[in-house]
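Residues per chain, in single letters:
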Amino acid sequence: MIVETGHYALILALGIALVQSVLPLWGARTGDTRLMAVGISAALGTFLLIALAFGGLVAAYVTSDFSVLNVFENSHSQQPLIYKFTSAWGNHEGSMLLWVLILGLFGALVALLGHDLPPSLKATVLSVQAWVTVAFLLFILTTSNPFIRLMPPPIEGQDLNPILQDLGLAIHPPLLYLGYVGFSIAFSFAVAALIDGRVDAAWARWVRPWTLAAWVFLTLGIAMGSYWAYYELGWGGWWYWDPVENASFMPWLAGTALLHSALVMEKRAALKIWTILLAILTFSLSLMGTFLVRSGVLTSVHAFATDPTRGVFVLAILVVFIGGSLALFAARAGTLEAGGLFAPISREGALVFNNLFLTTATATVLVGTLYPLLLEVLNGAKISVGAPFFDLTFAPLMVPLLIAVPFGPLLAWKRGDLWAATQRLYVSAGVALAVIIVVLALEGGARVLSAFGFGLAAFLMLGSLTDLFFRAGLPRAGPSVAWLRFIGLPRSAFGTAIAHFGLGMTVLGIVAASAFQTELVTTVKPGDVLRSGGYEIRFEGMSKREGPNYSEEVAHFALSRGGVAAGTLEPTKRAYPARQMPTTESAIHTRLMSQLYLALGDSDSNGGAVVVRVWWKPLVTLIWLGAVVMGFGGMVSLADRRLRVGAPARRKAAKPARTEVGA
Amino acid sequence: MTRKQKRLFSIGGVMMVLAVAAGLVLTALSDSIAFFMSPTDIAEKAPSPSQRVRLGGLVEEGSVERGASQTVRFRITDTVQSVPVTFTGLLPDLFREGQGVVAEGTLSPDHVFVADSVLAKHDENYMPKEVEDDLKARGLWQHTGEPTASAPATPAPHVGAGA
Numbered sequence: 028m029i030v031e032t033g034h035y036a037l038i039l040a041l042g043i044a045l046v047q048s049v050l051p052l053w054g055a056r057t058g059d060t061r062l063m064a065v066g067i068s069a070a071l072g073t074f075l076l077i078a079l080a081f082g083g084l085v086a087a088y089v090t091s092d093f094s095v096l097n098v099f100e101n102s103h104s105q106q107p108l109i110y111k112f113t114s115a116w117g118n119h120e121g122s123m124l125l126w127v128l129i130l131g132l133f134g135a136l137v138a139l140l141g142h143d144l145p146p147s148l149k150a151t152v153l154s155v156q157a158w159v160t161v162a163f164l165l166f167i168l169t170t171s172n173p174f175i176r177l178m179p180p181p182i183e184g185q186d187l188n189p190i191l192q193d194l195g196l197a198i199h200p201p202l203l204y205l206g207y208v209g210f211s212i213a214f215s216f217a218v219a220a221l222i223d224g225r226v227d228a229a230w231a232r233w234v235r236p237w238t239l240a241a242w243v244f245l246t247l248g249i250a251m252g253s254y255w256a257y258y259e260l261g262w263g264g265w266w267y268w269d270p271v272e273n274a275s276f277m278p279w280l281a282g283t284a285l286l287h288s289a290l291v292m293e294k295r296a297a298l299k300i301w302t303i304l305l306a307i308l309t310f311s312l313s314l315m316g317t318f319l320v321r322s323g324v325l326t327s328v329h330a331f332a333t334d335p336t337r338g339v340f341v342l343a344i345l346v347v348f349i350g351g352s353l354a355l356f357a358a359r360a361g362t363l364e365a366g367g368l369f370a371p372i373s374r375e376g377a378l379v380f381n382n383l384f385l386t387t388a389t390a391t392v393l394v395g396t397l398y399p400l401l402l403e404v405l406n407g408a409k410i411s412v413g414a415p416f417f418d419l420t421f422a423p424l425m426v427p428l429l430i431a432v433p434f435g436p437l438l439a440w441k442r443g444d445l446w447a448a449t450q451r452l453y454v455s456a457g458v459a460l461a462v463i464i465v466v467l468a469l470e471g472g473a474r475v476l477s478a479f480g481f482g483l484a485a486f487l488m489l490g491s492l493t494d495l496f497f498r499a500g501l502p503r504a505g506p507s508v509a510w511l512r513f514i515g516l517p518r519s520a521f522g523t524a525i526a527h528f529g530l531g532m533t534v535l536g537i538v539a540a541s542a543f544q545t546e547l548v549t550t551v552k553p554g555d556v557l558r559s560g561g562y563e564i565r566f567e568g569m570s571k572r573e574g575p576n577y578s579e580e581v582a583h584f585a586l587s588r589g590g591v592a593a594g595t596l597e598p599t600k601r602a603y604p605a606r607q608m609p610t611t612e613s614a615i616h617t618r619l620m621s622q623l624y625l626a627l628g629d630s631d632s633n634g635g636a637v638v639v640r641v642w643w644k645p646l647v648t649l650i651w652l653g654a655v656v657m658g659f660g661g662m663v664s665l666a667d668r669r670l671r672v673g674a675p676a677r678r679k680a681a682k683p684a685r686t687e688v689g690a
Numbered sequence: 011m012t013r014k015q016k017r018l019f020s021i022g023g024v025m026m027v028l029a030v031a032a033g034l035v036l037t038a039l040s041d042s043i044a045f046f047m048s049p050t051d052i053a054e055k056a057p058s059p060s061q062r063v064r065l066g067g068l069v070e071e072g073s074v075e076r077g078a079s080q081t082v083r084f085r086i087t088d089t090v091q092s093v094p095v096t097f098t099g100l101l102p103d104l105f106r107e108g109q110g111v112v113a114e115g116t117l118s119p120d121h122v123f124v125a126d127s128v129l130a131k132h133d134e135n136y137m138p139k140e141v142e143d144d145l146k147a148r149g150l151w152q153h154t155g156e157p158t159a160s161a162p163a164t165p166a167p168h169v170g171a172g173a
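The listed protein sequences correspond, in order, to chains A and B. Here the first sequence stands for residues 28 to 690, where the numbers follow this note's numbering. Here the second sequence stands for residues 11 to 173, where the numbers follow this note's numbering.
The hints are simulated quantities; they were obtained by calculation from the structure and are not laboratory data. Note that beta-carbon positions come from the ideal geometry of N, C-alpha and C, so glycine has one too. Honestly, I wouldn't trust all of these hints.
Derived DEER-like restraints, expressed as beta-carbon distance ranges [to be verified]:
| id | chain 1 | residue 1 | chain 2 | residue 2 | range |
| --- | --- | --- | --- | --- | --- |
| 1 | B | K16 | A | G82 | 37 to 43 Å |
| 2 | A | R503 | B | F19 | 30 to 36 Å |
| 3 | A | T449 | B | G23 | 35 to 41 Å |
| 4 | A | G515 | B | V30 | 41 to 47 Å |
| 5 | B | V90 | A | S570 | 41 to 47 Å |
| 6 | B | Q91 | A | S570 | 56 to 62 Å |
| 7 | B | D41 | A | R503 | 32 to 38 Å |
Using the sequences and the hints given, assemble the complete structure.
What follows is the structure in structure tokens.
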């Protein structure tokens with residue numbers, strides 16, 4: 028019954044979304060306020076109905092209702108409750124339902140929080156948002172229905188893929204979707220602006236918090252996915268340039284660019300057309316990512332199932348939305364007036380520099396991701412584009428951008444003084460140089476690139492804080508005055524500094540973990556002692572253990588450091604009988620920010636010997652901590668008074684309301 | 011600077027970045043991509059030792075030898091030809107004889123494939139796509155990817171709306 032209710036709710040949601048995609052827009056065009064107001068209740072209704080449908084699916088999972096095909100294929104009665112719960116989106120159908128749930132959520136949030144938006148803009152935005160919702164609801168109902176029943180119902184399910192039986196599944200997909208589906212708002216605003224033929228600084232002020240919020244979630248989602256892959260797959264790597272990873276990374280890069288260009292538009296009313304285009308491109312990349320992951324053109328752990336009709340359907344959605352919005356852009360962009368002028372060396376110039384490099388880098392990732400697919404379609408040749416390609420193309424583009432990051436906030440709007448900014452960065456540059464020299468002295472001339480990487484990270488981290496330092500009036504002002512000025516700085520200044528500092532942390536983690544990681548693969552017998560990262564690792568032997576829905580062989584390692592016991596590590600090999608599938612569970616010991624990582628290989632049946640892989644990964648956790656700090660910076664910036672959702676409009680509404688009513 | 015000069019300056023800068031990026035992409039595409047080959051492709055035309063290759067096929071039954079160190083030797087076959095492979099490191103969990111794998115590395119002059127990574131499937135239903143296509147093209151494809159015999163057979167799905 029619950030399942031049928033969910034199914035019915037989803038069909039109803041489609042009906043309401045159809046209404047929402049036409050009436051509010053019609054109202055906005057004809058100036059009918061009652062029709063425009065339909066958008067608000069329709070957006071809330073759509074969201075609630077999708078939530079009901081999603082709840083129905085989750086209920087079927089939690090109660091292990093194997094008469095539902097989707098539950099039968101992806102769950103098992105012996106799974107721990109948390110995994111029964113997360114199994115609901117650990118499959119194609121369920122994850123698409125989560126996708127539209129979040130799409131609906133953002134629509135509802137605009138309806139609820141956007142009471143200061145001009146009604147016609149709000150109505151148009153909600154209609155555009157509904158177009159996307161309609162497309163994906165149709166997709167789910169026709170090709171990926173999670174509510175299909177099985178007759179007769181089987182007794183037991185086929186279990187969730189064991190790789191996905193992890194807490195990561197509870198966190199990674201929702202965060203990631205909040206991120207890249209969140210960019211749909213920027214898209215809807217952009218399309219609405221094109222339909223209206225009007226865009227101004229206020230538009231950017233409404234769009235920026237949404238983009239920033241989506242960006243924060245996407246940053247955390249990608250970082251979480253990376254850390255999950257790192258500990259779960261047992262390969263010790265944290266980024267593989269896998270097409271599916273790229274699918275989430277491209278919207279992140281474009282979204283980062285959008286965040287910065289919206290800033291120019293908000294403050295200086297410049298770059299309007301570019302910002303609109305970027306908003307369209309960012310969500311287009313999200314859609315493309317969905318296509319890549321969901322269509323089955325790629326084989327990966329994310330491609331749960333392959334079904335050609337799904338691929339064609341998502342491709343059609345892709346063509347309609349990207350093609351349609353770009354066509355609209357081509358037709359209407361000319362009607363938008365160009366904004367303020369600025370010198371090449373200025374805050375705006377620095378942000379254009381940022382956009383240029385970020386979008387170019389996005390393009391190289393796009394080429395690397397799509398080229399193998401295109402080549403296969405064109406002449407059947409099968410190639411793989413992996414890390415070497417991206418090391419050669421993406422990395423060189425990032426270096427000038429990262430060097431430029433600390434300069435940006437130090438340049439004035441309109442016309443900046445590069446020389447003055449450079450002088451303020453003397454200390455950071457000096458420290459960076461010292462870091463380079465120290466690394467070279469310790470490690471020898473062969474480490475030029477990694478020494479440079481350390482220097483760059485130091486420059487980024489210190490340089491990001493420089494702006495706060497000088498804005499507080501230091502070093503001239505006295506400490507008490509400086510403190511007062513410091514705490515009085517706008518939150519967005521802190522947000523910028525924190526996010527840029529986090530970026531520096533990530534760079535430091537990447538450089539340290541790639542340059543100084545040590546790896547050891549060896550066979551151990553009980554009593555053997557290995558050495559890695561200053562630890563003595565003693566193999567004590569193997570034992571067997573039973574989990575709720577698996578059995579595992581556990582290797583026991585005792586750690587000590589300089590003769591002092593430092594804990595134990597127990598990497599395991601699990602076998603899941605339901606899917607007859609083995610997995611490797613790595614064991615990780617964290618010391619400060621570095622990690623000792625153990626993964627088991629094959630065990631030798633005679634004599635209790637086992638192959639073990641030991642990595643020492645210095646500062647590796649900074650890679651993800653940096654991302655968390657970046658996300659935190661975004662949140663701090665989001666808490667800025669001027670940026671709070673709705674707040675700017677309220678202030679604005681107080682003044683120009685009189686003039687705008689008539690407009 | 012006049013407005014015109016400013017504009018030229020900006021456009022020139024943008025062009026330069028794009029040109030550098032395009033150059034990098036083209037160089038990288040010619041040097042650092044790996045072609046997928048089957049054992050038959052390799053038998054027909056051996057790649058040069060500098061060319062990175064993804065070799066895909068099935069792990070030949072009875073061919074896996076584990077040496078004293080962590081070096082593993084096995085043969086990858088497409089049932090017509092087979093190629094000896096050596097790999098040092100940990101094999102993926104689902105690496106088994108008779109299963110589809112993709113090994114990435116180079117062919118040494120003595121025709122032994124030196125792999126630096128070996129990928130097996132992510133779950134029990136998965137066959138590397140290139141291997142599947144290749145086997146299909148040769149008419150050797152048997153769908154071995156069904157859930158194992160112990161799993162219950164899937165009953166016919168039927169839409170439950172209104173039921």
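Status of the given 37 to 43 Å range, CB of G82/A versus CB of K16/B: violated (57 Å)
Outcome for the supplied range 41 to 47 Å, where the beta carbon pair is V90/B and S570/A: holds (45 Å)
41 to 47 Å as the expected CB spacing between V30/B and G515/A, which holds or is violated: holds (43 Å)
Status of the given 35 to 41 Å range, CB of G23/B versus CB of T449/A: violated (19 Å)
Cβ distance range 30 to 36 Å for R503/A and F19/B, holds or violated: Once the Cβ atoms are compared, 35 Å apart, the range 30 to 36 Å for F19/B and R503/A holds.
Cβ separation of D41/B and R503/A, checked against the hinted range 32 to 38 Å: This hint is violated: roughly 53 Å between Cβ atoms.
Verdict for Q91/B, S570/A (Cβ pair) under range 56 to 62 Å: violated (44 Å)
In summary, the structure is inconsistent with hints 1, 3, 6, 7 from the numbered list given earlier, while agreeing with the others.
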